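Protein chains: 2
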Amino acid sequence: MAIAKKISDFMERSSWIRKMFEEGAALKAQYGVDQVCDFTLGNPDVAAPNAVAEELVKIIHEPAHLKHGYMPNAGYPETLSAIAGFLENEQQVAVNPQGVVMTSGAGGALNVILKAILNPGDEVITPSPFFVEYNFYADNHGGVLRAIPPIEGFALDLEAIGAAINKKTAAVIINSPNNPSGVVFSAEQIADLGQLLTEKSAEMGRVIYLISDEPYRKLVYDGLVVPPIFPVYRNSVIANSYSKELSLAGERIGFLALHPDADDFTQLANGFVFANRVLGFVNAPGLMQRLVARLQGVTVDVSIYQRKRDILYQGLVEAGFKLSKPQGAFYLFPRSPLADDVEFVRELQHYRILAVPGSGFSGPGFFRLAYCVDDTTIERSLPIFKEVGKKFC
Amino acid sequence: MAIAKKISDFMERSSWIRKMFEEGAALKAQYGVDQVCDFTLGNPDVAAPNAVAEELVKIIHEPAHLKHGYMPNAGYPETLSAIAGFLENEQQVAVNPQGVVMTSGAGGALNVILKAILNPGDEVITPSPFFVEYNFYADNHGGVLRAIPPIEGFALDLEAIGAAINKKTAAVIINSPNNPSGVVFSAEQIADLGQLLTEKSAEMGRVIYLISDEPYRKLVYDGLVVPPIFPVYRNSVIANSYSKELSLAGERIGFLALHPDADDFTQLANGFVFANRVLGFVNAPGLMQRLVARLQGVTVDVSIYQRKRDILYQGLVEAGFKLSKPQGAFYLFPRSPLADDVEFVRELQHYRILAVPGSGFSGPGFFRLAYCVDDTTIERSLPIFKEVGKKFC
Chain A
1 MAIAKKISDF MERSSWIRKM FEEGAALKAQ YGVDQVCDFT LGNPDVAAPN AVAEELVKII
61 HEPAHLKHGY MPNAGYPETL SAIAGFLENE QQVAVNPQGV VMTSGAGGAL NVILKAILNP
121 GDEVITPSPF FVEYNFYADN HGGVLRAIPP IEGFALDLEA IGAAINKKTA AVIINSPNNP
181 SGVVFSAEQI ADLGQLLTEK SAEMGRVIYL ISDEPYRKLV YDGLVVPPIF PVYRNSVIAN
241 SYSKELSLAG ERIGFLALHP DADDFTQLAN GFVFANRVLG FVNAPGLMQR LVARLQGVTV
301 DVSIYQRKRD ILYQGLVEAG FKLSKPQGAF YLFPRSPLAD DVEFVRELQH YRILAVPGSG
361 FSGPGFFRLA YCVDDTTIER SLPIFKEVGK KFC
Chain B
1 MAIAKKISDF MERSSWIRKM FEEGAALKAQ YGVDQVCDFT LGNPDVAAPN AVAEELVKII
61 HEPAHLKHGY MPNAGYPETL SAIAGFLENE QQVAVNPQGV VMTSGAGGAL NVILKAILNP
121 GDEVITPSPF FVEYNFYADN HGGVLRAIPP IEGFALDLEA IGAAINKKTA AVIINSPNNP
181 SGVVFSAEQI ADLGQLLTEK SAEMGRVIYL ISDEPYRKLV YDGLVVPPIF PVYRNSVIAN
241 SYSKELSLAG ERIGFLALHP DADDFTQLAN GFVFANRVLG FVNAPGLMQR LVARLQGVTV
301 DVSIYQRKRD ILYQGLVEAG FKLSKPQGAF YLFPRSPLAD DVEFVRELQH YRILAVPGSG
361 FSGPGFFRLA YCVDDTTIER SLPIFKEVGK KFC
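Residue numbers (the working numbering), protein chains in the order written: chain A, 1 to 393; chain B, 1 to 393.
Treat the hints as calculated values from the structure; they're not laboratory data. Keep in mind that this is a model prediction, so the values were computed, not measured. Using N, Cα and C, we set each Cβ at its ideal position, and we do this for glycine too. Check the hints yourself; a few may be wrong.
Derived contacts from chain A toward chain B, CB cut-off under 8 Å, selection only [to be verified]:
no. : residue
1   : 40
2   : 44
3   : 137
4   : 195
5   : 282
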C-alpha cells in the first residue's frame, strides 16, 4: 500500500462523506450549479470588508526591507501586540503578547496547542456535536478524542464532562459559537466549566487545559456577546482565526493566545512556538499578519448572516422542521425527520438540496445546513423544504 | 510539567543552539546591530522581484467572488496546472496536476508527505549534513530519521545509503542544493540513487520513496542546472517552495509534486490532500497561490547571491580557511580550524561574527555561514576573518 495504514483507514471511514460530496457534485454537473441548493460548505459567502483590499494595497506599496521574509516564528511583534491589546478588552484580562502565536487559522492553532501539550495516550474531551477534524487533530499528536454525548439544547453537560475526566485527560476543547449547532455556551456554563476544571486538575494532579476554539466568536446575533474564558480559568488557551470574521478562510491566518497566568507560562508559550515551527507551519503567512494587525475590531457585516439565518430558520419552521434558533456561527442544525439522518440527507439529495448528516459531527438525528450562501440559494430552497416537510415532517 | 515530555526534551536538546542565538542577540544589544556580522539566518536578503508587488496589487484589484475564501484543499486548479506545466519542462516528464498540492512552503510539504506515507517506526534516510528540522518532521509522524554520515565533498554515499535501507525504510530525503553545504548532487549520482531505490524497493518488498527537498533549486551559480529526479525514479515526490526563489519565505507558499507514474498515484495524491487538511494547514495561503500561478519561471536576481558567494568565499580562502566553493543555495560550509566546531563558533563570537556549528546539521568539524546578508556585513567580516584565520588556521 502506498499510503500509511492509519491515513488509509481514516480516509476509508470518512469515505461516506466524500461519497455524498461526489453525489452532490454529480447533481450539479447533471442539473447545473444553480439548480442545486448546496448547504454543505462552511465557506463564508460575505465579501471581506473593503478595508482588507485597501490595507493590503497600502502594505504592498509601503517601503519595507524584505517585506515577505521570515519574522520570528511567533509572528511580527506589532501583530502580537495588536492582538494582545484587543484581547485584553474582549477577555477582560491583561493579555501578554508573549503568549500570542500567529497560526495558520484556528486549525493550525489547535494542532500547535495539542502538539505542545499531549503525551502519548493523553485524552482530549469535547462535547458533541463537534467539528469532525478534532478527531484527527488529537490523533496527529498521539492523543485520543473523547466525545461527550450531546444533551438537550446542545448545552455543556458538565456532569458528563466531569465523569469523563481521568488521569489521562490533558484538555477540554469547547467551540462556541458551535459548529454545527450554532449554540453559544452561556456565561454561567463557562464559569461552571472553569470551576470544574480547577477542581479536577487538583484531583488528578495535573493541569487540564481549557482550549476555546472560537473562529465564530464575532458571528453572533441579536446583540449577543460570547462570554470570555480567561476570567473563569487560568490554564486556558484561545484558538481563533480571521477566516470567518474577515472572510479570509483561504488565507490561513489566525492565532492562539495563552492565559497570562497559566502555569509555566513561558515554557508553554515557547513550546507553542516550537510546535508551530517543527510542524512545518514555521510562521503564519506574513502579509496577512501585517493586515490583521491593522484590522483589530473590524468584522464583516454580521447583519447579512443574521438575515440569512432568520429567513432560512423561518422557512424551516413553516415547513414543519424542528430546530432551535442558533445565536451564532452560520449553521442551522434541525432535527432529522427520519431517525437515520444519513438516510434523510440522501432523501434531500433527490430534491437537489445538499446538507451534511449530523452523524458527521457526532450529532446523529440532526442535519447541518450552512447558510453562509447567497440569498438566491436560500430563497430557492424554501418551497423545496416546504415540499420535503410535507412528506417527512 | 506544562508541555509534552517529548517537546520538552527536544527543546532541551537544542537549547545550546538557542543559547548561541541568545548570546548573538546579546552581542548585538551590547555593540549595536551593525557591529556584529550575523551569518546565522537563512532569511533571503535579496528583495522579491518587482513582479511580486505588481501582480499582488493586480490580484487584489481584480473583481472575484470570495477572493479570500476556501478553495479545494489541494489548491486553486489554475495554480496546480501552472506548476504542472512548469515542472513538465523542468523535470522532462509530463506532470499530472492531480499530483500537485500547494503547501505551506517546503517545510509544510515535507510534513504532508511524511504524514501520508509513514507507518509507526518507519525510517527515513537522509545524507549528512542535513537541515536539522528533518529530525522533527520524521518524528512528528511516528517515523525515525536515519542520518548517513557525511563523506568527502558531501556527495551522496550510495553504498552507505544502500546498507542503511531495511524493511522499515519508507523514504530517502535528499536536499540539493544542500543546506548547509551548498552542494548540488550530480546527474550521475541522482541516476545511481534512482537505480539503487528501484533495486532496494524490490528487495524489501515495499516502495521506498525518494523525496527531493528543493527550495534552493533556482539558486545555482556558474550556469549550473540541478538534475531533475522524475526521470530517474518513479516513486518520487518533489517538495519545493517560493521562499528563496521569489524571496517569499515568510508567506509560506510552496508545493509538493508526485511523479505521475508513482504506484497508487491517486490514492497517494488523495492522501497528501487529506494530510494537508488534517494537519491544520487546510490549504496553502490563497493570495500567494494566485500570485505564484502567474510567476512561474520568475526568480530573484541570482547573480546577487553569486557575487556575495564569490566575495565571501575568496575572503575566507585568503584568510586561510579550507572550504569548497558551493554551486548552489546561499551557504558556505568551511572546515572548522578547531576540531570542535562548537568551540570555534564560540571563538568567532568574540570577534562579533555569528555562525552556526556544523554539529547542528550533523556535519561536525564544519561551520555554516549564510551569505544571504547585505554586502556591508560581508565586507565588514573580511578583515575579521583574516584576523581569525591568522590565529586559528
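For each hint, the structure was consulted:
no.: 1; hint: 40; result: 12 Å, violated
no.: 2; hint: 44; result: 6 Å, holds
no.: 3; hint: 137; result: 7 Å, holds
no.: 4; hint: 195; result: 21 Å, violated
no.: 5; hint: 282; result: 5 Å, holds
In terms of the numbered hints stated before, the structure departs from hints 1, 4, listed from lowest to highest.
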